[in-house]
Each structure stands twice: as C-alpha cells, then as structure tokens.
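Chain B: place on chain A using the hints.
2 protein chains.
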Amino acid sequence: MITLYDLVFQADRRPSPFCWRAKYALAHKGLKWTEVPVGFTEKNKIAFADSKTVPVIKDGDTPVKDSWAIAQHLDRAYGEKPLFKDEPARTHALFVNGWCDTAVNGALFPLVVGDLYDRVRPEDQAYILESRGKRLGTTDLATFQAAAREKGMPALRAALEPARRVLNAQKFLAGDAPGYTDYILLSPFLWAYSVSPLKLLAEDDVVYAWRERMLDLFDGMGRKAKGA
Amino acid sequence: MITLYDLVFQADRRPSPFCWRAKYALAHKGLKWTEVPVGFTEKNKIAFADSKTVPVIKDGDTPVKDSWAIAQHLDRAYGEKPLFKDEPARTHALFVNGWCDTAVNGALFPLVVGDLYDRVRPEDQAYILESRGKRLGTTDLATFQAAAREKGMPALRAALEPARRVLNAQKFLAGDAPGYTDYILLSPFLWAYSVSPLKLLAEDDVVYAWRERMLDLFDGMGRKAKGA
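From first to last, the protein sequence lines are chains A and B.
Under numbering that gives the first Met the number 0, residue 227 is the last one in the first sequence; the count climbs by one each step, no gaps.
Under numbering that gives the first Met the number 0, residue 227 is the last one in the second sequence; the count climbs by one each step, no gaps.
Do not rely on the hints blindly, as some may be mistaken.
[As the list claims (entries may be wrong)] Partner residues are not named here, just some residues of chain B that face chain A (Cβ under 8 angstroms, in silico):
#1 E86
#2 A88
#3 T90
#4 H91
#5 L93
#6 G97
#7 W98
#8 A157
#9 P161
#10 V165
#11 Q169
#12 G174
These aren't lab readings, by the way, just hints derived from the structure by calculation.
Because the structure is a prediction, the values reported are computed rather than measured.
Glycine included, every Cβ here is placed at the ideal spot set by N, Cα and C.
Next up, chain A with everything else stripped away, as it sits in the complex (with noise of 0.2 angstroms):
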C-alpha cells in the first residue's frame, strides 16, 4: 500500500515535477497507489517523514522523501521492472537528473513563475510570493514573467539540445522504451503544462514528438493532467 504526498494547487493541479518523476516511476513498476494533496502551507502532512517538500511517500510503514531516493526505494523493494536495470544506467539517470534540475528547470521556472501563482491555492499566495520573490529579487511576478519570456524561450529550446541529439538518433532517451530519464524530462513539460497555456516547443522539434509519446503513455497519465 502505497502513499504519495503530491503537492497541489487550485482546481486539483497538480503541477509539481518532481511528484511527477515518483508517479512515472510508480506507474512504470506497474504500482498502484493513493494520493494525498498537500498545498504549500501544509508541511505538516508530510512532518512524518522528515520533509519539507513533496515528493513524500509512504510504502506501507516506510517514509521515503526526495523523487530520487523514490526511484532508489522503489527499485530496492520490488524488483520487477527496474528503472535502472544497472549501475550505469543509473549513473546516465543520475546525470540527467542533475541537467534537468538545473539547466532545464532553471530556464523553464521563470517563464511561468506567473503563471504558477496565478493557480497557487489563495491560502498558499502569500507563501509563494515570498519564498519566489525573495529567489527572484522582485514580487511583480506578472512583469517579471513577460521580460523573462523574451530572452527566455530561445534559452529553453537551446538548454534542450542534449536531449535534442539523443531523440534524432532514437524514439525515448532510455532507446526503444520509455525509462526513468525520459520521465525526469517530461516533468518539467507537466509542470508548465499544468498551470500554463505557454508553447514550450515548436512543433518541428523531436523534443515535441517525443514530448506526445510521452503524454499517451500510462493511459494518458499526464495528458489528463488538468491544463493551464
């Protein structure tokens, strides 16, 4: 009996990426489990494992926090399908892992910081207006979001090119099936997705391809993710 503790925002969003690596690699292993929402004011949900961010599980009477260490528990404690079936796999996922969190991330969170507390729960504004503001130097986050679109987008496209170069030479980044490094990309896609009507990608790229396969996989797990 699984537990995830998913973050959540207005109307039942659920955008947080790193939530959504856990609930890949859940639905990968072929997992069933049950969620609990918690809002960003809510830490003392997820007290019990030690935690002050999502995402949190609880498999049976174990806590395990942080979408990695899930990845590592989840592998650990039910062998079938693996998401990393050895140490080098691991060590590739490890890497894009860091990429993703980073470069892809990093690009992506100002391009719809405004939009994210637009669809924040309103008891939760206050908190992400300070804890962002304070990250960004400014609390117009409407304004900051615009300026940051101008330059942002192309920087976006071009943080993507790594994967870019995998997915002209095959259809997923882990090769013929999707794996756990193409579920670490496809988070940040879900996170935008979810609050945001933004275009992320042109339609020519592979990353958009590959970003459609993606969306269909698990019947259409984040495809029917509530959108912006």
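Below, chain B alone, put in the same frame as chain A:
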C-alpha cells in the same frame, strides 16, 4: 597508421577541445598516431576529408571527420578496449557530448576568448577576430572577456552541476575507470588550460579532484600540454 589533423596556435599550443576528444579516444584504445598541425587559415590541409574543421583523422586511406564520428569509427575498426561497451553507453555519451558542446563550451568560451585570440598564430588572428567577433558582436575581445568573467564564472560552475552530482558518487563519469564521457568533459578544460591562466574551478570542487585524476591519465598527456 593513423594521422590526426590537430588545431595549432602559437608556440605549438594545441587547444581544440574536439581534437582532445579524439586524442583521448585514440589513447584509450591504445592506438598510436602522428599529428599534423593545422592553423585556422590552413583548411586546405583537411580538404581531402571534405571538412572545414578539425579533428580529422586519416586511418590508412580512410578519412574521418568530427570527434564523435572518429570515436564511432575507432570502435568499429578496432574492437579492443571499446569506448562504448553497448548501445545505452553510446546514448549516454551522446547526451553528455551534446551537453558539453552547448552548456559547458557555451559558458566557457566568453571567459577565455581574449586569451584564445592572444595565442592564435599571428597569421590566423585576422580570421579569428572576424569569425568570433561576428558571433559575439564585438572585436574588442579583451574587454568582452573581462566583462564576461564577472557573471560568467558562477554560470560555468553552475553548468557543471550534472557532472558534480555523478562525481559525488563515483570516481569517474564512466564509473570506476575513465571512459569517453570523461574525455568529453576534460576537453573544455584542456582548451582553456592551453591558452589561459584563469582558474576555472574551486579546489574543493569534486570536479577539480576529478580533473587532476584525468590529467594524470596516459602518462600525463593532458598535463604535459603547453599551458598559458
């Protein structure tokens, strides 16, 4: 009999990061090669390979251009000590290659472009000033470089984060022993090292310790390269 056509600067400096990838690939496989130095304005020397850029190799009668294609060729032609032990390893290297070419080289180039210019062969300086000046929008490369270093050093170090996360967990990007992904990432450091006294890494960075290990490989091949 393998000949490597290698970019040459003043005082026999050999900065090209792409040529360094080819040299480490050759050394990894235990192959011997001779080098033909090629200045920026000596493209006639590599016209036989239908290439305008180095590295180019001539392996017997077979010309091969482009560092990635050279690595593939060497594994096909010489089965021993593979650079890519299987298809997932090749995929990982392709991803790291794309990342290094764009994120790392892109962050590094502005920081050393003035030093590069100063050490180009005198007869190649007009060429480099025109081609790089066009890309950067200025021909005052010294001023551009000085300004770039203020913001650019933290950006370069941040860009290395995916490698840092892997090197926190293991000795080389490829695992317990160095592999092609390590040669890829070493190459921009050798590029800078051959022309610039700039200290790119903090000494307590795991990437710094990794670079020291890399410079020791193959009888100190990289360490012996002429520095700034």
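Here is what the structure says about each hint:
1. E86: For E86(B), the interface hint holds, since the closest Cβ of chain A sits about 7 angstroms away, which is under 8 angstroms.
2. A88: Check passed: Cβ of A88(B) comes within 6 angstroms of chain A, closer than 8 angstroms.
3. T90: Holds: closest Cβ of chain A sits about 6 angstroms from T90(B), inside 8 angstroms.
4. H91: holds, 4 angstroms
5. L93: holds, 5 angstroms
6. G97: This hint holds: G97(B) lies near chain A, its Cβ roughly 4 angstroms from the closest one there, short of 8 angstroms.
7. W98: holds, 4 angstroms
8. A157: holds, 6 angstroms
9. P161: Because about 4 angstroms separates P161(B) from the closest Cβ in chain A, which is inside the 8 angstroms limit, the hint holds.
10. V165: holds, 5 angstroms
11. Q169: Because about 7 angstroms separates Q169(B) from the closest Cβ in chain A, which is inside the 8 angstroms limit, the hint holds.
12. G174: holds, 7 angstroms
Of the numbered hints given earlier, the model fails none.
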